Each structure stands twice: as C-alpha cells, then as structure tokens.
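Assemble the whole structure, with the sequences as input and the hints as a guide.
Chains as they are written, first to last, in numbering that gives the first Met the number 0: chain A, 0 to 185; chain B, 0 to 589.
Some hints could be false.
Claimed, not checked - Non-contacting residues of chain B with respect to chain A, defined by C-beta distances greater than 10 Å in every case (computed):
#1 His47
#2 Gly84
#3 Gly219
#4 Ile228
#5 Thr266
#6 Leu281
#7 His329
#8 Leu420
As the list claims (entries may be wrong) - Computed spacing ranges between beta-carbons, pair by pair:
#9 Thr277/B / Glu78/A: 14 to 24 Å
#10 Gly385/B / Asp6/A: 23 to 33 Å
#11 Glu64/A / Leu558/B: 15 to 25 Å
#12 His386/B / Arg164/A: 30 to 40 Å
#13 Arg131/A / Leu466/B: 25 to 35 Å
#14 Arg164/A / Ala561/B: 54 to 64 Å
#15 Glu211/B / Glu64/A: 34 to 44 Å
#16 Arg164/A / Gly358/B: 35 to 45 Å
#17 Gly184/A / Asp452/B: 23 to 33 Å
#18 Thr160/B / Ser69/A: 41 to 51 Å
#19 Ser44/B / Gly184/A: 37 to 47 Å
#20 Leu160/A / Ser44/B: 15 to 25 Å
#21 Gly84/B / Ala75/A: 27 to 37 Å
These aren't lab readings, by the way, just hints derived from the structure by calculation. Just so we're clear, the structure is a prediction, and the values are computed from it rather than from any experiment. Just so it is clear, CB atoms sit at the ideal spot from N, CA and C, and this is done for glycine as well.
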Amino acid sequence: MPHFLSDGQRRILAAACCRLVPADDDPDATELGAADYIDGLLGAFLVDPPRIWAGGPFSGRFGGEASFASFHRLAAQDELAWRTRIEGSRGIPERERLGPVVGLQEQYTEGLAALGEDFPNIPAEQQDLRLRSVGPFLSVLLEHVCEGLYAAPEYGGNRDLMGWRSIGYLGDVQPRGYSDDEVSGE
Amino acid sequence: MTARDFHTIIVGSGPGGATAADELTRAGRSVVIFERGHNYLIDSSHPHDLMQVFSNDELKYTFRHFLGPDPWLEPRTFRRTESDGDRLLVGEVNNLPATVGGGSVHADGKLYRFREDDFRMLTELGPAPDANVADWPLTYDDLEPYYATAERLIGVAGLATANPLAAWRSGPYPMPPGPPMYGSLLTSAAADRLGYHPYPAPSGVNSVLYDERPACNNCGFCADFGCPIHAKGGPGPALRRALRTGRADLRADAFVSRILVNGGRATGVEWIDAHGATHQELADEIVVAAGAMETPRLLLLSGFANPNIGRNLMFHMQTFAFGEVPYQLHGHKGRSVTHVHDDHIIVDDLARKAAQCSGLPWVKGGLVEHIAPSKVIAEAKLYPWGHEHRRHMRRSPMREHFLGFCMHGEDLPQGKNRVDLDPCIRDFRGIPVARTTYEPHPHEIVASEHHGDRLTSILREAGAVNLIVATSPTTTGELTSAHADISVVPSSRHIAGTARMGRNPRTSVCDEWGRLWEAPNVLVADSSLFPTISGYGPTLTLVALAIRNVDAFLGRPPLRVARESAGSPTVALAPPRPPADPIRDREAAR
Chain A
0 MPHFLSDGQR RILAAACCRL VPADDDPDAT ELGAADYIDG LLGAFLVDPP
50 RIWAGGPFSG RFGGEASFAS FHRLAAQDEL AWRTRIEGSR GIPERERLGP
100 VVGLQEQYTE GLAALGEDFP NIPAEQQDLR LRSVGPFLSV LLEHVCEGLY
150 AAPEYGGNRD LMGWRSIGYL GDVQPRGYSD DEVSGE
Chain B
0 MTARDFHTII VGSGPGGATA ADELTRAGRS VVIFERGHNY LIDSSHPHDL
50 MQVFSNDELK YTFRHFLGPD PWLEPRTFRR TESDGDRLLV GEVNNLPATV
100 GGGSVHADGK LYRFREDDFR MLTELGPAPD ANVADWPLTY DDLEPYYATA
150 ERLIGVAGLA TANPLAAWRS GPYPMPPGPP MYGSLLTSAA ADRLGYHPYP
200 APSGVNSVLY DERPACNNCG FCADFGCPIH AKGGPGPALR RALRTGRADL
250 RADAFVSRIL VNGGRATGVE WIDAHGATHQ ELADEIVVAA GAMETPRLLL
300 LSGFANPNIG RNLMFHMQTF AFGEVPYQLH GHKGRSVTHV HDDHIIVDDL
350 ARKAAQCSGL PWVKGGLVEH IAPSKVIAEA KLYPWGHEHR RHMRRSPMRE
400 HFLGFCMHGE DLPQGKNRVD LDPCIRDFRG IPVARTTYEP HPHEIVASEH
450 HGDRLTSILR EAGAVNLIVA TSPTTTGELT SAHADISVVP SSRHIAGTAR
500 MGRNPRTSVC DEWGRLWEAP NVLVADSSLF PTISGYGPTL TLVALAIRNV
550 DAFLGRPPLR VARESAGSPT VALAPPRPPA DPIRDREAAR
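As structure tokens, this is what we get:
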C-alpha cells in the first residue's frame with residue numbers, strides 16, 4: 000500500500016493513536032490498524048480506483064463472493080469533492096466554490112508537526128498534554144481513529160478484524176444475516 | 000411543436016417518481032425518468048434486475064456520502080428566521096439520498112397510513128395561532144383503495160388487527176410482520192402495562208419471499224443503508240415494472256434545472272448531463288417528484304410565481320427518549336424498528352391541559368418508534384479518548400443497553416417556514432441551492448415536552464435508568480455538531496408541504512389532484528403536496544396519493560371501497576402480478 004506520510008510522521012501518528020485508544024487486554028489503536036487507515040485515507044488517490052467507497056455487496060466473511068476490496072470508480076464531481084477534502088483547495092477555482100478548504104493532508108502535516116518530532120519518545124502524561132494542546136486536530140484524529148478501528152478492514156484499518164473482535168461485534172454479516180432467534184431472544 | 004420522444008417527463012426516481020412511472024407505463028404511456036444521482040439500484044438493460052451493489056458498510060453510507068448528495072457538491076443552506084441573515088449554515092440540511100430510488104433506498108421502510116383525522120385537522124381540532132392548519136382536499140376514504148394498492152405494490156409486512164387506533168382498512172397487509180427485536184419486546188410490554196397500544200411496525204421489508212425478492216435476514220444495516228439483498232421494497236420494484244414495459248427510460252446523473260413553460264403549459268425541461276452539458280427534452284406533461292425540498296427549488300428555478308411555493312415547510316419535531324438497562328439488547332440485529340405506538344397522536348384531556356397552560360388550543364404528538372441504535376463507528380465517536388474509550392465500546396451502551404423511543408411529532412404548517420433559492424450559494428453545476436428558513440412552532444415544543452415525559456415513564460416502567468430526552472431540532476442547543484444529529488437543523492428526513500394541494504389557488508400551489516395551478520400539465524407527486532404532515536412518516540401516503548393523482552390525470556374514475564363492505568381483513572392479497580414483458584411476449588408469439 001503506497002504511503003502518504005513520511006516515516007517520521009508515521010511514528011508520531013502511531014504514538015498518538017496509541018494514546019487515544021491504549022492497549023488493555025487487547026492491543027492499542029496503532030496495532031489494530033488505525034494509523035494505517037489514516038495514511039490510507041490521506042493517500043486515497045495514490046491508488047486507482049481511489050480508496051473512498053469500498054465495493055459490494057459482500058465482504059465474503061459470511062458467505063458470498065468477496066467484493067469489498069474492489070473500490071468504486073468515482074464520477075468526476077465525486078473525485079473533485081474528495082480531492083478537495085483530502086488535498087485541500089490549493090487556490091484551484093473549482094475547489095473554492097464555497098471558499099478555501101484546508102485539506103486533511105495539510106491538517107495532518109501541521110497537526111503532527113505540532114505534536115513534535117520527539118512525541119514518540121516523551122512520557123505518556125506529556126504526550127496527553129501535547130494532544131490536548133493541538134486544538135481541533137485532536138477531534139479530527141479521534142474521529143479517524145474510530146473509523147480506523149471499526150470500519151471494514153478493506154479501508155486499511157481494523158487489522159485482522161481485531162477492532163470488531165475486541166468489542167464482540169461481527170461487522171458486516173450479509174448474506175448470512177442473523178436468525179430470528181438471535182433477533183428476538185435474550 | 001417540435002417532436003417529443005416521450006409522453007411524460009418524470010423528475011426524480013424516488014417513491015413518488017417510481018410510482019408515477021409504474022402507473023403511466025402500465026397505462027401505455029412512455030416516460031423518461033431523470034435522476035440527479037448515480038444508479039446503484041437497477042440494471043439499465045433488460046430484464047432490469049435489481050443490482051447487487053449495496054453493502055453492510057457503515058463508513059461509506061454514514062460518513063462518506065455514498066448515496067449522495069455530497070454536501071459540498073450540492074449543499075443546502077439553513078437559517079431559523081430572516082433575522083439570522085442570509086444563512087447560518089451551508090452543507091447538509093435534512094438531506095434525503097440523491098440516487099436512483101431516492102429516499103426509499105436509505106429508509107428502513109416503515110410504511111404507515113395516516114388516520115382519518117389527519118385529512119381534516121382544521122375541522123377536527125380547529126385553527127392554531129400563526130399556523131396554516133388545513134383540511135386536505137380529500138378524505139381518508141378517498142385514499143383508502145390507493146393505500147391498499149400501494150401496500151401491495153411495495154410489499155408491506157404488518158398485522159392489520161394489531162393497532163386499535165388505526166384507520167379502517169379494506170384488507171390485510173400482504174405479508175405478516177417480521178421477527179420482533181428483543182429490546183422492542185421489552186418496551187412494548189412496558190407500554191402495554193401502562194395502557195398504551197404498541198403494535199408491530201408496518202414495514203416495506205419482506206418477511207417472506209415476495210415479488211421476486213427474499214425475506215429480510217436481519218443484518219441490522221437497515222436505516223441509512225441500501226439493502227444488499229433487496230428485502231426492502233422501496234421504489235426498485237416499481238422502476239423494474241416500468242422499465243420492463245419497454246416504455247420507460249431511466250437517466251441517472253441527469254439534473255433537471257428548469258421546466259419550460261409556454262402560455263400556461265409546460266412544454267419540456269432543460270437538463271444537465273454528467274459532463275455539465277445542457278439539453279432540452281420535450282413532453283406532453285411533467286411529473287415533479289424531486290422531494291419536498293428539491294421540488295420547490297425546481298419550481299422557483301423555472302420562474303413559477305405562486306407566492307405559496309416553498310412555504311408551509313414541515314419536518315417532524317423528533318423527541319428522543321433513552322434509558323439504560325443492565326441486560327444486553329443487541330440492537331444491531333434486526334430491522335432497526337419493529338414496534339411502534341400511536342397513542343400520542345390522540346389529543347386527549349392531558350394533552351389539552353398541557354396546551355392550555357401554554358396558551359395553545361391543543362397539542363398533538365406523533366407516532367412513536369421503539370428504536371435501537373446499531374452503528375459502531377457512530378457510537379465510538381461519542382466517547383472520550385483514553386483507556387475508557389474501549390471500556391465503553393466493549394460494554395456498548397448504545398447497541399447493548401439503551402432502550403429508546405423516537406416520536407415523530409406533528410409539525411404545524413407555518414407560512415414563514417419555507418424553502419427558497421439561496422441568493423449566493425450555488426451547487427457544483429452552478430445552480431442556486433435550496434435555502435431553508437425554519438423554526439418550530441410553540442405547538443411542537445409544548446407537545447415534545449408533554450409527550451417526552453410520558454415516554455420516559457414507559458422507559459422507567461421497563462426498568463431503565465439514566466433517562467435522557469433530546470429533540471431534533473434542538474430548541475436551545477448548538478447550531479450544529481460534528482454528526483449534525485443534534486442541532487437546530489432538523490434531521491427527521493421527513494419533509495413536506497412546500498407545494499401544498501388545495502381547492503383555492505390563493506392558498507395552495509397545486510389543485511386537489513396535484514396539478515400546478517400555474518401549469519395544469521405539471522403534476523407534483525411527492526410529499527410537497529401535503530397540507531399537513533400528520534405524525535406519521537410520509538412515504539406510503541405520498542405513494543398512494545401519486546397513484547390516485549396519476550389515475551385522475553389519465554382520466555380514470557376514482558377507485559372506491561365502501562367502508563361498510565370492507566369486512567374483516569382476513570384474506571391476504573396476492574403479490575403484484577409480473578408486468579407485461581414485451582420482449583418475452585414477442586418471442587412467445589413467434
């Protein structure tokens with residue numbers, strides 16, 4: 000999988016994800032693939048088709064032919080929207096119809112820089128203080144960590160389904176579904 | 000006049016447009032259906048099978064706008080009142096999907112009939128201050144046969160005898176209800192003990208094989224998701240029947256930007272294709288079924304001047320009540336909602352007393368759905384980071400421990416609540432977007448407070464603690480949150496009233512048959528027509544109304560079922576007949 004972030008940025012991101020959802024009986028968010036997911040989102044357009052909308056109807060995990068990994072091709076306007084979100088508007092007129100957009104790539108580049116190159120090596124309490132000092136970037140990061148833990152693994156996170164398994168959730172269950180007893184019983 | 004390729008142009012492929020296409024093609028007319036969104040629903044070539052594209056994918060449907068509209072490409076704008084300035088927000092405003100199949104693709108398919116009283120609210124309850132309360136220009140009895148047809152065509156599962164507060168019906172539901180969800184059994188039992196009348200939610204979700212589509216297998220990805228196995232009826236079957244006649248053309252990624260009018264009649268439309276090129280299509284008549292926000296937008300873009308266009312916009316004021324129980328509920332297994340009760344719709348003495356204390360003549364609640372949150376990413380985003388995050392997720396209060404209700408409180412029609420064209424903001428095609436100006440009437444706020452208390456008492460009876468009540472729109476809260484669910488911007492996904500039908504052209508946009516007063520060969524076929532919204536979801540009523548109005552448009556006499564002859568509903572109706580298949584028929588004739 001091609002990377003958007005540099006090795007140094009990846010180390011900072013990995014350390015940050017570990018603080019947002021640390022290890023307990025199960026591994027931390029980075030080990031569960033959250034940082035991979037985020038790098039995959041930032042580099043969605045480094046692959047073709049872009050890693051935006053996974054395919055369907057079935058993942059193959061509960062029967063049927065596996066098709067989630069065949070991502071949808073994007074229509075021109077959908078590519079415009081997602082490139083604008085991820086890359087930012089960069090002064091391109093068609094991306095600035097509603098005003099300039101700071102892309103996720105720039106938000107991460109600046110957010111990780113604000114956490115500091117030494118972030119992976121400082122004590123956990125100091126890491127938490129730094130995370131609290133980076134403003135809105137923290138909520139962006141937390142949202143993406145949640146997606147990286149609990150979205151379908153085809154998006155790059157939820158490694159070996161450990162995100163779902165760690166909370167006792169089966170994820171997509173088509174075409175098997177659940178039995179009537181599983182729905183109505185205790 | 001220039002030649003035209005189709006008798007009828009239909010704008011929108013949701014439940015209204017698909018129904019119109021089905022009825023018109025069955026009557027021998029040719030139609031072209033324009034849909035601004037992508038097509039993931041139905042194969043464009045014969046035999047027009049339903050496509051296998053939808054999936055159990057929370058990220059794509061809930062956070063990545065897969066069904067459209069992308070709120071950056073096609074935003075709407077919002078303000079509460081004119082005093083907020085031009086707008087408070089640009090982005091998502093109670094969006095319904097922009098995709099072939101429209102709002103029915105994402106809905107979990109609860110398909111309710113209104114009650115008799117809902118068609119004559121002014122007569123039954125009388126006026127309310129600063130509201131345009133009105134009777135419908137038709138009665139429940141007029142619509143009943145069309146409700147029955149709609150239930151059969153879509154495929155509705157329900158139990159006709161289960162709701163003592165329901166309107167009369169000429170027959171049973173075509174299918175029995177599906178399996179009840181565990182949590183809903185608990186809330187239903189508690190509601191029943193307190194004298195309410197819970198019953199299995201009538202659902203356009205198959206409980207048995209019906210109309211070539213399988214029974215639902217309870218995957219839990221229901222509300223907000225396309226159904227991977229097409230157990231949800233929705234507009235797919237209607238579009239399939241229309242296309243199989245050989246007289247329908249479905250054009251996805253095709254946005255109608257203007258209705259062309261000449262001498263009080265529509266002559267065609269201007270539309271924009273996927274590459275941004277503008278074209279014209281001519282026809283004898285136009286059906287507008289773009290939804291109650293996009294329909295008035297199109298009428299205004301077309302230069303129609305009736306001052307009622309866009310006004311009397313109604314959403315439901317949703318009141319959510321949640322409480323926590325210690326045992327596990329597994330709300331992610333099943334059809335999202337399997338039980339409901341109607342009692343809060345009845346204006347009883349307690350509701351009248353609550354109204355009088357606030358200087359209102361009456362307050363009316365709405366249908367209550369017994370709900371079960373099911374989404375894990377959405378739940379994860381609620382919790383603070385750190386060690387407790389996964390502790391919360393393992394225990395999962397949302398999926399496993401929350402009993403909940405959502406009341407769809409009836410909204411009163413107000414002239415100042417409206418859709419118009421935003422003076423500055425344009426979509427990616429360069430077309431002015433719909434602006435919503437909306438603030439709840441005191442009626443909705445008083446009703447929400449009154450019935451919210453009653454809902455929490457049911458939860459208490461069910462053994463729940465840590466009770467919470469919230470509303471959408473909020474009455475005091477933030478403009479918007481990251482998830483836009485709890486905000487002053489409503490998120491009911493039920494929208495109505497912006498091209499209301501009536502007998503007086505000074506107070507309505509369409510006549511009693513859904514035709515535009517300004518151009519009678521334009522038929523509106525969505526919930527824009529509703530003079531009042533009732534406390535029920537709008538879909539089944541807008542489909543029944545579309546069948547009735549298209550029938551009238553075709554010059555057919557109205558269907559009639561006498562209430563006395565209706566009898567007790569015991570015999571199930573057959574599924575819809577397979578439509579005529581011109582290709583197969585031709586081959587058989589050889």
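Hint by hint, here is what the structure shows:
Distance check for His47/B against chain A: the nearest CB is about 18 Å away, which clears 10 Å, and the non-interface claim stands. At the 10 Å boundary, the C-beta of Gly84/B stays outside the reach of chain A, the nearest C-beta of that chain being 16 Å off. A beta-carbon of chain A comes within 10 Å of the beta-carbon of Gly219/B; the shortest separation is about 7 Å. Listed as outside the interface, Ile228/B is inconsistent with that label: its C-beta sits roughly 6 Å from the nearest C-beta of chain A, within the 10 Å cut-off.
In this structure Thr266/B is separated from chain A by more than 10 Å, as the shortest Cβ-Cβ distance comes to about 29 Å. For Leu281/B, the shortest C-beta to C-beta distance to chain A comes to about 27 Å, beyond the 10 Å cut-off, and the non-interface label holds. Listed as outside the interface, His329/B is inconsistent with that label: its C-beta sits roughly 7 Å from the nearest C-beta of chain A, within the 10 Å cut-off. The claim that Leu420/B lies off the interface holds: its Cβ sits roughly 16 Å from the closest Cβ of chain A, which is beyond the 10 Å cut-off.
For the hinted restraint 14 to 24 Å between Thr277/B and Glu78/A, the CB-CB distance of approximately 22 Å keeps it satisfied. Checking the proposed 23 to 33 Å range against Gly385/B and Asp6/A shows it holds: the Cβ atoms sit about 27 Å from each other. Evaluation of the 15 to 25 Å hint for Glu64/A and Leu558/B yields a failure: the beta carbon distance comes to about 45 Å. Roughly 19 Å separates the CB atoms of His386/B and Arg164/A, a value that falls outside the hinted 30 to 40 Å.
About 32 Å separates the C-beta atoms of Arg131/A and Leu466/B, a value consistent with the hinted range of 25 to 35 Å. At roughly 60 Å, the beta-carbon separation of Arg164/A and Ala561/B lies within the given 54 to 64 Å, and the hint holds. In this structure the hint that Glu211/B and Glu64/A lie 34 to 44 Å apart at CB is violated, the actual value being about 21 Å. With their beta carbons about 57 Å apart, Arg164/A and Gly358/B fall outside the hinted range of 35 to 45 Å.
Under the hint 23 to 33 Å, the C-beta atoms of Gly184/A and Asp452/B, about 32 Å apart, fit the expected range. Distance hint check: the CB atoms of Thr160/B and Ser69/A are about 47 Å apart, consistent with the given range 41 to 51 Å. For the hinted restraint 37 to 47 Å between Ser44/B and Gly184/A, the CB-CB distance of approximately 44 Å keeps it satisfied. Hint check: Leu160/A to Ser44/B, Cβ distance near 37 Å, so the stated range 15 to 25 Å is violated.
As the Cβ distance of Gly84/B to Ala75/A is approximately 34 Å, the hint placing it in 27 to 37 Å holds.
Hint check: violations occur at hints 3, 4, 7, 11, 12, 15, 16, 20; the rest are consistent with the structure.
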